[in-house]
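Protein chains in written order, with our numbering: chain H, 54 to 592; chain D, -2 to 310.
Check the hints yourself; a few may be wrong.
[Claimed, not checked] List of simulated lysine-lysine pairs, DSS-like, C-alpha gap at most 30 angstroms:
no., chain 1, residue 1, chain 2, residue 2
1, H, 394, H, 425
2, H, 319, H, 330
3, H, 538, H, 145
4, H, 407, H, 370
5, H, 276, H, 230
6, H, 394, H, 513
7, H, 407, H, 394
8, D, 61, H, 267
9, D, 169, H, 320
10, H, 282, H, 370
11, H, 237, D, 61
12, H, 401, H, 330
13, D, 219, H, 319
14, D, 121, D, 98
15, H, 354, H, 320
16, H, 269, D, 0
17, H, 200, H, 237
18, H, 399, H, 370
19, D, 82, H, 320
20, D, 169, H, 267
21, H, 269, D, 169
22, D, 219, H, 267
23, H, 460, H, 401
24, H, 370, H, 460
25, H, 230, D, 82
26, H, 276, H, 320
27, D, 219, H, 237
28, H, 282, H, 269
29, D, 61, D, 121
30, H, 460, H, 394
31, D, 169, D, 98
32, D, 169, H, 282
33, D, 156, H, 319
34, H, 399, H, 425
35, H, 460, H, 407
36, H, 230, H, 200
37, H, 267, D, 156
[Claimed, not checked] Residues from chain H shown here face chain D by an in silico Cβ test under 10 angstroms; the list is partial:
no., residue
38, 111
39, 188
40, 262
By construction, these hints were calculated from the structure, which means they are not laboratory data.
Nothing here was measured: the structure is a model prediction, and the numbers come from that model.
Ideal placement from N, C-alpha and C gives every residue a C-beta, glycine not left out.
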Amino acid sequence: MKKNMKKLLALVLVLAMALTVFAGCGGGDSGSGSGGTADDSTLRIRLRTALQSADWQQCAVFESSQIIWVQVFEGLYGMDEAHGGYYNLLAKNIDVSEDGLTYTVDLVDATFQNGDPLTAEDVAYSYGVAMENPRFDYVTSMINNVKAVDDKTVVITLDYPYSAISHTFWTIKVYSKREYEEAKANGVEFGTVPHTAGTGPYIITEYDVSAGLKLKAYENYWKGAPDIKNVEYRLITEDSAAVIAYENGELDYLTNVPLSDWDNIKKAAGDNCELIKNNDVLFVGINWASPTNNNILGNQKVREAIFYAVNKANIIKAATSDYGTPAYEYMPSEYVATSPKVSDGKFKTFDYDKDACHQALLDAGYTEDEIKAGIDVGTILTYGTETSEKGKAAVVLQACLAENGMKAQVELGESAPITARMYDQDYDIAIYYDSGNYDYNNIRQQLHSESKGMYIIRYKADNSPFNWQRMEELITMGVSTADEKERYDIYTELWNMTMETATILPLYHSALGVAWSDRIDIGDVNPSFYHITDFSWTE
Amino acid sequence: MHKYVIKRILFLIPTIIGVTLIIYFVMNLTPGDPGRAILGTGVPQEAIDAYNHNLGYDLPFFQKFLNYLYNMFINHDFGISYVTKQSVFAEIWPRYMVTLKLAFIGVVISALLGIPLGIYSAVKQYSLMDTIPSLVSFFLAAVPTFVLGLVLLYFFSLKLNWLPSYGLESWKGYIMPALAISIPTAAQNFRFTKSSMLEAIRQDYVRTARAKGAPESAVIWKHVLKNALLPVITQIGMSLGMLLCGAVVAEQLFSVQGIGSLIVERITFKDEPIIIAGTILISICFTVVMLIVDIIYAFIDPRIRAKYTKARG
């Protein structure tokens, strides 16, 4: 009996060893894997979070917008991220009246995926639907009226001149009025099932919130049938699993590669990967009105001391595995022509400076002993976990402050409640993202008191030490002229004023890692929206 | 016995109400609201309030709670997801079936691995066949599912290219997630079975059976195992219950769209209908599993059976 057991044990050990040897010898080349269950003519893309809806208006998660906004629907304008600016898409031509209030739009000869021709009525209807949705107030609040003049002409009238209207033309997508209305009439919530109500290059053939979705090329697409005929989005929530799936050849395209895995991806992908500067910016905001420690943050010198204490290099190293880029501008100037360039030296910046920090604290009235003991500047609030970019940035910021005679706590939480607290000015120091937009007027959401966006720092207040009236005036001036040079100068003054308040500090632009299989060419890599129509098979 | 089963089933009703109340209460305490989470940053407060009002989110706590109970028990309606606008039941049920399937496979594998090894190890105490499995189980019980899953992915998917790294589209897809959840459970089952067996082996009735000349196999199977299995069954029931709650880590790692990952995903959006319905479903299943364990207990343990027979007599 004992002998038999020994034999069995030996067999088990031999099998275990054999398995290890096999595993060690096994190949892991990118693109060589079995590729899941999809056939060879299917492009496989990772979906990090479930697609909440096939309706462009209901896409609350950016990744959903990457699919529905670009592959399925189209707007009057497209966005040229790689080079900055917008281009005509469903709008063949747009004439602007001299007073800048009336836009006459001629439409291209496109058809919806259901076969219906695109008409001015569809455009007017879609804008009407979007204008009723408060989520799109930020791009529609200036529109007074959208009217179909004839089959192919739409007239859009504004309440006031608004030079950032291009972003509206890109954001608002066009539905097939007939199909949208039919869904409503049938009691079906539009977007919960596959539809053919877009003019985009891909039709949704299967949609399951739990599993992902499948697209097929719209052969009658007005710009020509796409090269890639079938696309499958597979829901893989875990980053490490997605990296393994890519390395195993089960995915053809992986965007937002976790930066901590970038070295591994580079090894596996060879030339088929690219790391580019993201157009988002991570900011530190200081609530000057916070009552913490006898309104310590109301002291301009303390705020300056905080900003001088920020070591962007260390934060970038921790948060982005050193792949990020220090930020000084509100928007990357290479993507947005009207964005003031730091190289011009026309606005104030804060660089890590221990001496300047120390001097600012002394100027604020603190003694050497108090600085040595650490001055309490409150809590750093951000959303995400300790291992997320923002979480890491918060922890390093805390260490930066501690090194420079200031104490702060870190508080992390879920996005929804934390952002709500930021909007309610229930914080001391906040770390948050902004931008991802291509018109400088986007800054309005941070600086204007009537902003319907992220007015995290309340400049307008009875006891405000800032010239908020001028800031708001500059915002209005910036959007009422289409002259690029004029806008640039206005925004330079505005950004300088903002930096002088020492309430907002751009930290860094993160990096966007993209990897693809050797089965495809992907053209230019964009910071946010990719176009499958730019992809092609290499074989 | 029937009375006992019916009593336990009826006990499900207050359990569900209690669980619903607790979840509602906890959700009510957490900051944030669905309007803000879904509409995003660029929206004024009035619009968010209007959105919440349309969802019925701004109703008083007890009114909301009673409405929910009414819809659940009378209309069998769990509501509509705030995020996807799809029927909660339609979203939850397929995901729960996935979890259920995976949990059963995991429990079966863990029982098949852990129990026989535990029995053998106890019978052959201090031999090599006891020492090695004990050491291995000690190690495996301590390895987090996440690490184990990554190791499996690395070897079987990346290096050997035998198994797909995600999805459950074929039987191959089940192998790694099932192993990831069953191996630590198998290690626990092994340790439980072994200690339970060792305790039973030292009992007087076992010594008596041996003294009376009963063959060793009969002593083990008839006298030791029957008694030793009782806590093991409880342990298996508990593991099944825990796995039914959604092996969230394994689900995330292998992109298995189960109930656990769904609830975690929707917590971010404060999608109350999904979170509440998912938790209720889990609590029902957990209670049912525990009920089955108790019934099996009664069948296996003659002492419990006798108690009920006496009570009837």
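Evaluation of the provided hints:
1. H:394 with H:425: The hint is violated at about 37 angstroms.
2. H:319 with H:330: holds (17 angstroms)
3. H:538 with H:145: Status holds; Cα separation ~26 angstroms.
4. H:407 with H:370: Holds. Residue 407 of chain H to residue 370 of chain H sits at ~19 angstroms (cutoff 30 angstroms).
5. H:276 with H:230: holds (21 angstroms)
6. H:394 with H:513: The given pair, whose Cα atoms are some 27 angstroms apart, holds under the 30 angstroms limit.
7. H:407 with H:394: holds (25 angstroms)
8. D:61 with H:267: Given that 30 angstroms is the threshold and the Cα spacing comes to 38 angstroms, the pair is violated.
9. D:169 with H:320: Satisfied, since the Cα-Cα distance of roughly 28 angstroms is no more than 30 angstroms.
10. H:282 with H:370: Cα-Cα ~41 angstroms, so violated.
11. H:237 with D:61: holds (27 angstroms)
12. H:401 with H:330: holds (23 angstroms)
13. D:219 with H:319: Since the Cα atoms of residue 219 of chain D and residue 319 of chain H sit roughly 61 angstroms apart, the hinted pair is violated (cutoff 30 angstroms).
14. D:121 with D:98: violated (35 angstroms)
15. H:354 with H:320: violated (48 angstroms)
16. H:269 with D:0: violated (58 angstroms)
17. H:200 with H:237: Holds: residue 200 of chain H and residue 237 of chain H sit about 22 angstroms apart, inside 30 angstroms.
18. H:399 with H:370: OK: residue 399 of chain H and residue 370 of chain H at ~28 angstroms, within 30 angstroms.
19. D:82 with H:320: At roughly 42 angstroms apart (the allowed maximum being 30 angstroms), residue 320 of chain H and residue 82 of chain D break the hint.
20. D:169 with H:267: holds (22 angstroms)
21. H:269 with D:169: holds (27 angstroms)
22. D:219 with H:267: Judged against 30 angstroms, a Cα distance of about 57 angstroms means the pair is violated.
23. H:460 with H:401: holds (25 angstroms)
24. H:370 with H:460: holds (22 angstroms)
25. H:230 with D:82: holds (21 angstroms)
26. H:276 with H:320: The hint is violated at about 37 angstroms.
27. D:219 with H:237: violated (67 angstroms)
28. H:282 with H:269: holds (6 angstroms)
29. D:61 with D:121: violated (60 angstroms)
30. H:460 with H:394: violated (33 angstroms)
31. D:169 with D:98: holds (14 angstroms)
32. D:169 with H:282: holds (27 angstroms)
33. D:156 with H:319: holds (17 angstroms)
34. H:399 with H:425: Violated, at roughly 35 angstroms.
35. H:460 with H:407: holds (15 angstroms)
36. H:230 with H:200: At roughly 14 angstroms apart (the allowed maximum being 30 angstroms), residue 200 of chain H and residue 230 of chain H satisfy the hint.
37. H:267 with D:156: holds (28 angstroms)
38. 111: Given a least distance of 7 angstroms, the restraint on residue 111 of chain H holds.
39. 188: holds (5 angstroms)
40. 262: Holds, about 5 angstroms.
In summary, the numbered hints that this structure violates are 1, 8, 10, 13, 14, 15, 16, 19, 22, 26, 27, 29, 30 and 34.
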